[in-house]
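Heads up: the sequence lines are chains A and B, in that order. Residues in the first sequence are numbered consecutively from 283, following this note's numbering. Residues in the second sequence are numbered consecutively from 57, following this note's numbering.
Keep in mind that the hints were calculated from the coordinates and are not lab data. Possibly wrong hints are sitting among the right ones.
As the list claims (entries may be wrong) - In silico DSS-like pairs for lysine-lysine, Cα to Cα no more than 30 Å straight-line:
1) 478(B) to 353(A)
2) 245(B) to 190(B)
3) 220(B) to 192(B)
4) 478(B) to 553(B)
5) 353(A) to 475(B)
6) 311(B) to 239(B)
Keep in mind the model is a prediction, meaning the values are calculated, not measured.
Each chain, written out:
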Amino acid sequence: MRASIIVLGTTVILAAATAPRVVRQGPSPNAGATDSMRFVAHPDNIPPGFPSTDRPLALKNPYEGNAQALKTGAQLYVAYNCIDCHGADGSGAMGPSLADSRWHFGGTAAEVFESIYQGRPDGMPTWGGRITNDQIWMLVTYVRSLSAGKDVATENFAGATVERTGH
Amino acid sequence: MTRRLTIARFLIVAAVAACTPSSQTTARTDSTGTAKSTGAATSVAGTRIAAPRTTPAGEWQMPGGDYSSSRFSDLSQITAANAVNLRASWTFSTGVLRGHEGQPLVVNNTMYVVTPYPNVSYAIDLTQAGQPLKWKFRPENSQAATGQACCDVVNRGAAYADGKIFYNLLDGHTVAVDASTGKQLWRTKVADLTRGETMTMAPIVVKGKVLVGSSGGEMGVRGWLAAIDASTGKEVWRGYNTGSDRDMKVGPRFKAFYAQDNGKDLGLTSWPGDTWKQGGGAVWGWLSYDPELNLVYYGTSNPGPWNEGVRKGDNKWSCAIMARDADTGELRWAFQVTPHDMWDYDTVNENILVDLPLGGTTRKTLVHFDRNGFGYTIDRATGEVLVAQPFVQMNWSTGVDLKTGRPNVVPEKMTAEGKNVKDICPSLEGGKNQQPAAFSPRTGLFYVPTNNLCMDFEVRPVSYIPGTPYIGANAPEKKGPGGHGGEFIAWDATTGKKVWGIEEPFPVWGGALATAGGVVFYGTLDGWFKAVDASSGKELWKFKVGSGVVGNPISYLGPDGKQYIAVYSGIGGDMGLLIAGDVAANLPYDVRERGSTLPDLGRWTSWGGMLFVFSL
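Start from the sequences and build out the full structure, keeping to the hints where you can.
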């Protein structure tokens, strides 16, 4: 406990130079409170919707740049029926496109892992515990490979189109 | 864009002759402004809507207007002569940007609107200028359902009975709402979202029972039709579409017309192993009811998965028309339209109940325009196929054998694992999809919105994982021969012939409305709402609405005694979401590439959610 308080204090000092601080309200932290009730001073304003940067180190794709994992991920994408929601090559179908460089829940490897592992409230199933973390990382590797350079912010109705399956 | 009017020349004389009314029928308005039903207006000899409305002609109380699903209105103020003067009267934004299939209801000078997910409903006061709301109801509705719905988060409408509005929620509940207060009276879970069952269909209410079914033919569900007590919300009976005779409510009163369709436990024995348990046969389309025969009619969806190799056999009773006793749910007859479907040709399209002159007598028929491209005229008491002719361009079958009711399949168009079959017509969207046709007893004709699409079909392995799609095929689509995406046609169900057609650049995904004024209405994906002459197909008037039309027009009499036409505008459904590949502009995280099937549709429309109301 002592060590963590020291670390927190250091962060506050470093952040103070670049960002506004949270205005402390109510009683002073630690004053008479149990540990679980302790007010934790936050070094920065809490920005809405921005991904946290302090993910555990474990959320690092072990297969980044691994061609074999990419290939297996593509097979898993079919085997686990991802293809029928997100479309062939991630072109989008029932679920959002995975090929447009736009991400509802973040597009870093860690964020895509979390989306697959935890599921999402609008219908993305929870795969964590149902398939291995290794397989999820291979899916992450494949899914993240689909979108490079395919952001179609502008449609001019004269360009190429993709094949898409209806239901 | 070019639109050509195609008229079969040899038929035009017959059509015009048939359209000459033998007795003028108009809806009258009494002193209080309430329209009186004129009953069954029979203008073509031997032609009659099976169960004409018993409710006022100026109202629209159930999805298809009447139990026969005729979508015919007795109102006749708007005529072929004056339709050119139609104008927008008022509009209403539903606040939802998804596919607006279905139609509003009008009861007691109140309009009831149900939106796509989250399935908000509105009661709109038609008696006051500005059409203020009487109430707005926002049901509890699980967000997870939006990821389980195959083909957009649509809702095909509500039904009214006994002071209550009944409709289905995407997450598998049926609700009853007090029509005057908007208070939820009951909410019953009937579908299992965790198995991929969502609900998009419009119920009908028969003798105090609300009849409902689920979607999920692409999710490996096991289809059923259920009856819920309208006053208590308790389930009364449920008949499955696959499985044992007991589960299917097949008993001694069951008699299919064709020999091969009779036998013990066909819902089990026509499937390998336990595949019937996730074999589809969902009920996501339209229901009809014949009070005389006391039969409720519906169609079942495709079998699951699309990969036919894992489910060798007829796969009964997927892709079938079903007739059940409305009181007990007993299956009385069934007819499998496409045995062992391998093209995703669901049979959920509406069954229109009409008496027609056939072979010198008047037959009690059911007319059904199937995804497989055949227009069927069937004896609705027995299930005998009387007429089956293609109503769109097709190449997968050479015709229906009337001795067995089965289609003759072209071997080259049979799909299988390891094959990529090219150029199958119609595509999996069907010659017609959910967009309902209309019937006019004044012309004796059916007005049918159709698709002109073909597909390649490549089968791949598939695994069943509950709550995920169960498909196993890629089937990219393209416009069919001629280059038009669809056609709005007039059809003679006694001969199985097209009388006239209006080619449209895109599939006609909105439904039809026929009126006693001789005017037929429909909307298009590119956002035109049109009035055409019921006899000739001549375009009388059109209006560009805010978003593509996938909904179904209705007609009602306002408190001012005027005839109004109402329709949803709001592109979506399978066609808008999946095929066009467009997404709502307020989704910054989804900017997918356009689909190749209708690459230019996005030029003409964008997502929306508006009710448009027109009058003279």
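Subject >> Contradicted hints - numbers only >> reply: Hint check: 6 fails alone, others pass.
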